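There are 6 protein chains.
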Amino acid sequence: MNLHKYSEIITSTVTELSEYESVKLLCLQHHEGEPYPSETILQEIIKLCRSLLFPGYFGHSNVNRRNITYYLGVNTEKLYELLSEQILAGLCFICDRTKYVSLEGMREEAVKIAAEFIKSLPELRKILTTDVIAAYNGDPAAESYGEVIFCYPAIRAISNHRIAHQLLKLGVPLIPRMISEMAHSETGIDIHPAATIGSYFTIDHGTGVVIGATAIIGNNVKIYQGVTLGAKSFPLDENGNPIKGIPRHPIIKDNVIIYSNASILGRITIGEGATIGGNIWVTEDVPAGARVMQSKARQ
Amino acid sequence: MNLHKYSEIITSTVTELSEYESVKLLCLQHHEGEPYPSETILQEIIKLCRSLLFPGYFGHSNVNRRNITYYLGVNTEKLYELLSEQILAGLCFICDRTKYVSLEGMREEAVKIAAEFIKSLPELRKILTTDVIAAYNGDPAAESYGEVIFCYPAIRAISNHRIAHQLLKLGVPLIPRMISEMAHSETGIDIHPAATIGSYFTIDHGTGVVIGATAIIGNNVKIYQGVTLGAKSFPLDENGNPIKGIPRHPIIKDNVIIYSNASILGRITIGEGATIGGNIWVTEDVPAGARVMQSKARQ
Amino acid sequence: MNLHKYSEIITSTVTELSEYESVKLLCLQHHEGEPYPSETILQEIIKLCRSLLFPGYFGHSNVNRRNITYYLGVNTEKLYELLSEQILAGLCFICDRTKYVSLEGMREEAVKIAAEFIKSLPELRKILTTDVIAAYNGDPAAESYGEVIFCYPAIRAISNHRIAHQLLKLGVPLIPRMISEMAHSETGIDIHPAATIGSYFTIDHGTGVVIGATAIIGNNVKIYQGVTLGAKSFPLDENGNPIKGIPRHPIIKDNVIIYSNASILGRITIGEGATIGGNIWVTEDVPAGARVMQSKARQ
Amino acid sequence: MNLHKYSEIITSTVTELSEYESVKLLCLQHHEGEPYPSETILQEIIKLCRSLLFPGYFGHSNVNRRNITYYLGVNTEKLYELLSEQILAGLCFICDRTKYVSLEGMREEAVKIAAEFIKSLPELRKILTTDVIAAYNGDPAAESYGEVIFCYPAIRAISNHRIAHQLLKLGVPLIPRMISEMAHSETGIDIHPAATIGSYFTIDHGTGVVIGATAIIGNNVKIYQGVTLGAKSFPLDENGNPIKGIPRHPIIKDNVIIYSNASILGRITIGEGATIGGNIWVTEDVPAGARVMQSKARQ
Amino acid sequence: MNLHKYSEIITSTVTELSEYESVKLLCLQHHEGEPYPSETILQEIIKLCRSLLFPGYFGHSNVNRRNITYYLGVNTEKLYELLSEQILAGLCFICDRTKYVSLEGMREEAVKIAAEFIKSLPELRKILTTDVIAAYNGDPAAESYGEVIFCYPAIRAISNHRIAHQLLKLGVPLIPRMISEMAHSETGIDIHPAATIGSYFTIDHGTGVVIGATAIIGNNVKIYQGVTLGAKSFPLDENGNPIKGIPRHPIIKDNVIIYSNASILGRITIGEGATIGGNIWVTEDVPAGARVMQSKARQ
Amino acid sequence: MNLHKYSEIITSTVTELSEYESVKLLCLQHHEGEPYPSETILQEIIKLCRSLLFPGYFGHSNVNRRNITYYLGVNTEKLYELLSEQILAGLCFICDRTKYVSLEGMREEAVKIAAEFIKSLPELRKILTTDVIAAYNGDPAAESYGEVIFCYPAIRAISNHRIAHQLLKLGVPLIPRMISEMAHSETGIDIHPAATIGSYFTIDHGTGVVIGATAIIGNNVKIYQGVTLGAKSFPLDENGNPIKGIPRHPIIKDNVIIYSNASILGRITIGEGATIGGNIWVTEDVPAGARVMQSKARQ
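Read top to bottom, the protein sequences are chains A, B, C, D, E and F.
Going by this note's numbering, the first residue of the first sequence is number 511, and it counts up by one from there.
Going by this note's numbering, the first residue of the second sequence is number 511, and it counts up by one from there.
Going by this note's numbering, the first residue of the third sequence is number 511, and it counts up by one from there.
Going by this note's numbering, the first residue of the fourth sequence is number 511, and it counts up by one from there.
Going by this note's numbering, the first residue of the fifth sequence is number 511, and it counts up by one from there.
Going by this note's numbering, the first residue of the sixth sequence is number 511, and it counts up by one from there.
This is chain A alone, in the form it adopts within the complex (with noise of 0.2 Å):
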């Protein structure tokens, strides 16, 4: 194709779009020698906690009880050196000068936080048990633990949170939001990584669940495709923007029941053993036990 007729348009295209004022605000102003976060390189990390937490299901290796050592030994290096990396990408993405003086700061405290979220793995898993569990008891569909760890996008989708959820708490920025985003795109369950969750959780099918940042989830919960745990309305500050870190989320006891396509908005509490039927919307308090339902449809 002669491309060249419109070369002129293509030069100048590209000089307005370097300039300064258009770009300022959309641009990432990259420090050379920082390292930039990276889904690519947080997508092997993921792949990486996922074959150190379900041996032989992710990872492609042939693993076995002889040679189990070597693959996670492996993996568990290699997840140490990324991490590493990536959490420094996120301390410099923020770049809170008020806390770290130098570059060599936030490396020496990147490599602290990857040891700590690594030593975290086993109590990881411990939890990530009881949701496969969780799944596998409540899915006639399901017929084994296998198929549930291999298949259920619920369990990804909730892997992912509780890393995330890990890493939150030991102060890494971005990086969570970043893996909560990659599940939310793989399986469709957008979790915030702030949600705090009880074991033995499970969501059937998934696609479309939203539970928000400051949302309190019991033990033994279930719910299904489509529900929100959202919040209702932002308190606004004086610039009529909403105030950020207020609770604003349901607060879900243990053994709650929540059908596909319900709304549970705002900072309510849902009593322990309540069951919520599909496609309501919910803003007020529900008591411990209770069944709220939709009202009939007409034909």
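I should point out that these hints are in silico values taken from the structure, not numbers from a laboratory.
Only a predicted model underlies this, so the values are computations on that prediction, with no experimental measurement involved.
Glycine is no exception: its CB is placed at the ideal position from the N, C-alpha and C atoms.
Treat the hints with caution; some may be incorrect.
[To be verified] Which bits of chain E does chain F cover? Going by a derived footprint, with three or more residues having C-beta under 8 Å, they are:
hint	region
1	527-537
2	577-587
3	694-700
Since the structure of chain A is already known, use the hints to place chains B, C, D, E and F on it.
Using the frame of chain A, we list chains B, C, D, E and F on its own:
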């Protein structure tokens, strides 16, 4: 970065993660020499199937009448080889030693099933043709069959379903479910491979659709995004867990339309030609020709 | 595995699949020498656009004020080349011989459109800036513009939409729809490329959102996950098929908020500043400033 | 690492390297829209040729009598497409505007040459068959034709030569030389694409062999590693530079053997059936049937 | 480009190339289900061997005393799997049905040989250690063992040789020769896998070295670039073809040095401690301690 | 395949290979957090250098006068980053703690050297221009400068040498030698990075050429394939090992030609304008203008 400062932690965590008690539930113990289920290879298999069913649209091949046999030939050969291996992986995963006395026996079974699957491809193409026609006719925005094949997520989800359903009927474990979940992740449409679906089936937009394992869908049915054909409740066994394998999803008769976000739950029947409005929750039979709608919203 | 036992089946299936009658509807007959639409290349094109619109965030480049022209220059050049080819592929796909008498003519048109698209990039960046600001201001959980750009699926979906919409306005067939569906698969947000959308547009969470081809959205509109701006019914032609091209989706005026899973259907108007509650089904005009909610759930 | 300390140097070096005077001799000025010669694509082309000439040995295909047409069909199609493009790249590189008035004209020529080349493949296979037989018969260590095809560098170098020679005869610039140099790098055997070589030609070991552009080699000739068939001296033009295009390399008659590291230089003739010993320097005609050896070493 | 003009030629050439008579000599008839020899996999195998023999230098692993078992464990597992498959490919290639009655039998043999090979790796590392020491001591330009391992082509060629020689001794067909030729292509050093080579062996620079199948080399031998240890003449059988398998290459005793481009030909013996000058042609025994040189050049 | 039969062997071999005594000499003990020398990255570095020195020929970029700054800018930035890292890897490899007290110190040194190297690129391009001219003028078969740059192995080998020599002069350990060996493997030309080479240098064909570390080559020198500029003998130290660092390779004055396979050995001088014939062994000074030839072969 100075990573070695925390190397003690790494080593002890590897040891802890490798301990049999910790890992036994979540570890796929691999038998050396057997293939294992691989999402990457299954994606290749789906690509090959799509390139055989819709030549020229998928598989980046310059197909025309003169050379079509070359391309279909090479792709069929490759499909045969990869599919045999993944079917074997599925058989090994279940490892039903009451049925197969040796790896060699499973190997022979796998090859036979793969050949039978390939034999059914022309039939699969025929029914998928009806799905393409239905999608084109049903959407005023569709400009050609080609656009439908190239762009509509429903075609991808239904193709995967028809492939997975065929493999499930041929007795392949696990693999069909993995294929369904791949479509679920790609399109947000979650169809259990065991669901029975007639011809001229179409799904508009599709995100959030859920079709359960025992659902039965007639011919010429159209459903919209967010529709659930789900279970209402599960009879429990003596341990309080759901009994597996009971018919528990709806029967949708011919010529039914179900609008967005409707939930049809339980072993009920939606009669021929009925219309189900959006955002509603249906748990009882709907007679043929009926129109069911949400109760009026209040202002 | 002993694969040759069933080689007869393979050969006869290849023959059957290659027969013209069987394949003619589903086969893209490729004209040798013409490019064909490629999802892989379109993904590269989207990556390049994102790297030009949000330098440093996408494209893994170490951009700073000193070197920005290098990176934007190289990426613009590459975009120009790839986009010209894919636009040509789109033109060839439709192959409107009443409009173009030769491949050479389509080639010239493709290059011209690609240049015009590139010329519009600074304008696209300007309006996307308003979307980023809207997402940040509207979400108490957002911590910086950077986090919004990096992590929010809405930004990806809206970017793809604005790119696709621009290409559609420039007369490119097929390609815009493919770009929309790529965003749909990545984010669960399905915006038809023909939809008209004003500035400061934001979508929270987004999974399950559907915006139809003839929808018109004003400035400063916010919608939540699962919202449908759809058609209600389609006037049928004499063959019982929907008539294509009729305005059939809603008009949303400035400053409207629509909560999760609401369905707004048909060519109705939601008046300026109105609020639509979640999980409801709206098929009639809503006056400016009104608040529409679901009828109360029963316990 | 703190890279920005020296960013001034980077910027000023980029400017200096981009100055026209500095770069004009060493820069390939690319005409936008034209393909350029690509080693990567040529390597793909050579792989395709090898897979067509020696099916099953190269190209990783599971070829057998039943499916061979599929594989050869697909690979020929692909070869045709890639070769047309690279031939065009060669024509553009020379850009002889006295011969071609437009890019379109070169395009037509390129496609025509590619088709003619493909037409000659069966003939190329025939003569390469004689080379394989010669290599097998001539080496006591060779265990089968298959081993010769798989392992012997001579077969790779001679294949590349026969392909390059054919392209050169069809008038393709540059590309033949690139193909020769690819074999040179892979095997250490450097045969100029213009050299004329008869049937049943074999080279043992081969590293360091050089065969010049105007060399003529008869049938059934065998040479060893390190043999040079070179030029002795070059007549100079008035500027003191060698005159191009004069016959200046040896003529080797049928049934000659040349042992390792011998140098045969100038337009001399080695008579039929002659034997040239190793490590010698021959600059005069050698009569048919003669044996030429190095003078005795001294201890 | 308008490629279809010549599509007739393509089709008829494919037919011609697929004809059995044309292809039978040069086609590897593949038995479906059997693996075939693969240069790509063998390159992976060599990489794995190198990473096991010289940990940290090859294989890009961050090896240290703490984690070495992880890396060696994973790489040994992978080597075992890939090598078993390629040994089977070699056995299938020869397909000696007098020796193996079934594919299953060859499979068992392949696994057994792979395990035996792995068992010999510590021994291979021991002798390669002597080669590294010899290269370091023999070259004034060498600055450390590390530099020798990283950079010296001799180490790569000798590693490949010792691996190939071991596989050949274990009865593997074809594969050893392919491994030798891979080193030949990489380094220009051509050592037949059957050659017997003692410890502390080194080759300086190496390009053009040829060591024949029946050569026997003692300990502490050093040779330079371009040296041939070749055959002089081949006894012919009744058909005029060389008789295979006869000892026909030199015996080099301990502590011999052979300078660049010397050719030592035939089953002669170079006595202990002898020195062979460069560029000479030796076809008779050389006594221990002797120095053989080229006759004086004339000016 | 049933691989687990021999798993005992695998496990015990891994243990044996990991033992410190066995591995200590051949293992590169990696300090966590430091980069290590990587052939893959060095190959990328060489590609970047070639794309900067010969824009348009290497690096697959569509360079023209309008856009050249974009491409050179991006490639220089990338070169700077990768080279800094590999220089640091070289410094860590040697790990001269008498010179650098900390990793941070080596890091700063690495960045500084990388910037200095980049600063010298325009000078490197100037001298490489003379080499291209010399190759073109010296070979009657060369048809354009472009062909020389694209195809001649000498240009690749000399480019690598001039790059490696510059890095060596800037004090970089190991990396220069690796770069030389990469050219050696690609072209069969082995030039030690410490060798000093004047302008207008050319090598014809090149396979087997060896140029030693202390060789000094004047301007306008031409050498042919198989030429060795080597050492004759090495003074030994008290332990019988060669003393490192002594001048031991030839000095070649301006305007000398050396024909194929000649060996020039020891610290001798080949006088200005001398011609050295092929296949000879020269160990004594040759006066200016002299012609040295092999003694006559006998028939």
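Verification of the supplied hints:
Using a Cβ-Cβ cut-off of 8 Å, 0 residues of the region 527-537 of chain E lie near chain F, which falls short of the minimum of three, so the contact claim is violated. Requiring three or more residues with a Cβ within less than 8 Å of a Cβ of chain F, the coverage given for the region 577-587 of chain E holds, as 6 such residues are present. Only residues whose beta carbon comes within less than 8 Å of a beta carbon in chain F count, and the region 694-700 of chain E has 3; three or more means the coverage holds.
Hint 1 from the list above is the single one not met by this structure.
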